[in-house]
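Each chain is listed here by its residues.
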Amino acid sequence: MGFPDRIERTMELAHPPARVWAALTTAEGLAAWFGEEAAIDLRPGGAAWMRWANGYSVEMRVERVEEPTVFGFTWQIEELPEEDPRRTYVEFTLEPAGAGTRLTVVETGFAQLPEDAYRKVYDGHTEGWGRELGEMAGYLDAR
Amino acid sequence: MPDEIEAIAEQVFAALADPSRRDILAALASGGPATATDLATRLPITRQAIAKHLALLTEAGLVTAEPGERRRVRYRLRSAPMKLAQQFLAALARDWDSPLDALKEHLDRGA
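Residue numbers (the numbering used here), protein chains in the order written: chain A, 1 to 143; chain B, 1 to 111.
Treat each hint with caution, since some may be false.
[What the hints assert, rightly or not] Cut-off 20 Å, straight-line C-alpha distance, at most; resulting in silico cross-link-like pairs (EDC-like, lysine to aspartate or glutamate): (1) 83(B) <-> 79(A); (2) 104(B) <-> 83(A); (3) 83(B) <-> 10(B); (4) 83(B) <-> 28(A); (5) 83(B) <-> 67(A); (6) 83(B) <-> 84(A); (7) 104(B) <-> 8(A); (8) 104(B) <-> 95(A); (9) 104(B) <-> 36(A); (10) 52(B) <-> 18(B); (11) 52(B) <-> 69(B); (12) 104(B) <-> 41(A); (13) 83(B) <-> 6(B); (14) 52(B) <-> 23(B); (15) 83(B) <-> 4(B); (16) 52(B) <-> 38(B); (17) 52(B) <-> 66(B); (18) 83(B) <-> 8(A); (19) 83(B) <-> 37(A); (20) 83(B) <-> 23(B); (21) 104(B) <-> 84(A); (22) 104(B) <-> 12(A); (23) 83(B) <-> 3(B); (24) 83(B) <-> 59(B).
The set of hints was computed from the structure by calculation and includes no laboratory data.
Isolated chain A (complex conformation) (with noise of 0.2 Å):
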């Protein structure tokens, strides 16, 4: 079946990178091709969204800020719950390509953990940790 857990797409666009980047990377930009509305906190950590006239709206956080180059963000996965806490990464690249721009989105974390595989493995590491420490302490205490 293979899992699809990375989307990958390339276009050329006849125009500089300064261009491109003010476009995926501003408010004004978002909202002229991607959301209707937008806001944007453009720093690692920030916050941004967008929002369409049909009500739906996504909430992202801005991951890495690398003018004008790399541009990425985590966003909610639209069709799992709204309160389900996993996120997809989107990683815009842009590179020169005569006057224009060779731009590249990678979308990676469709296929994450589930969620009891993960308790399994976080849970070992827990029990795992637990069990060191005291075997440390039970060593510093015989001293």
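Given the coordinates of chain A, assemble chain B onto it according to the supplied hints.
For chain B alone, kept in the frame of chain A given last:
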């Protein structure tokens, strides 16, 4: 791990491919845990067929039998495999082609 995830998602899609099993899962999702007899009164499916489908769904990990006396065993939906299948669908539903076309148009318009 990816193989295991795929195997789980595959079982969800196989389960959903059958209309009777879809009805059973939908009934458990909307009405909560139920016995085979409850389901037989609610759905246009015989009790024997329901028992057979429930056995298959239990085997696939999509429903789980609550402990209890044999005829009174209630089955409940397990949502974890569904969430996993949802992730698969989310990847298929993510449409980058339309926004990227819009980006190109936006930049060309402004040139």
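Comparing the hints with the structure gives:
no.: 1; hint: 83(B) <-> 79(A); result: holds, 10 Å
no.: 2; hint: 104(B) <-> 83(A); result: violated, 33 Å
no.: 3; hint: 83(B) <-> 10(B); result: holds, 13 Å
no.: 4; hint: 83(B) <-> 28(A); result: violated, 35 Å
no.: 5; hint: 83(B) <-> 67(A); result: violated, 36 Å
no.: 6; hint: 83(B) <-> 84(A); result: holds, 10 Å
no.: 7; hint: 104(B) <-> 8(A); result: holds, 17 Å
no.: 8; hint: 104(B) <-> 95(A); result: holds, 16 Å
no.: 9; hint: 104(B) <-> 36(A); result: holds, 16 Å
no.: 10; hint: 52(B) <-> 18(B); result: holds, 13 Å
no.: 11; hint: 52(B) <-> 69(B); result: holds, 18 Å
no.: 12; hint: 104(B) <-> 41(A); result: violated, 24 Å
no.: 13; hint: 83(B) <-> 6(B); result: holds, 13 Å
no.: 14; hint: 52(B) <-> 23(B); result: holds, 14 Å
no.: 15; hint: 83(B) <-> 4(B); result: holds, 14 Å
no.: 16; hint: 52(B) <-> 38(B); result: holds, 15 Å
no.: 17; hint: 52(B) <-> 66(B); result: holds, 17 Å
no.: 18; hint: 83(B) <-> 8(A); result: violated, 23 Å
no.: 19; hint: 83(B) <-> 37(A); result: violated, 30 Å
no.: 20; hint: 83(B) <-> 23(B); result: holds, 18 Å
no.: 21; hint: 104(B) <-> 84(A); result: violated, 32 Å
no.: 22; hint: 104(B) <-> 12(A); result: holds, 9 Å
no.: 23; hint: 83(B) <-> 3(B); result: holds, 16 Å
no.: 24; hint: 83(B) <-> 59(B); result: holds, 18 Å
Taken one by one, the earlier hints fail for this structure at numbers 2, 4, 5, 12, 18, 19, 21, listed in ascending order.
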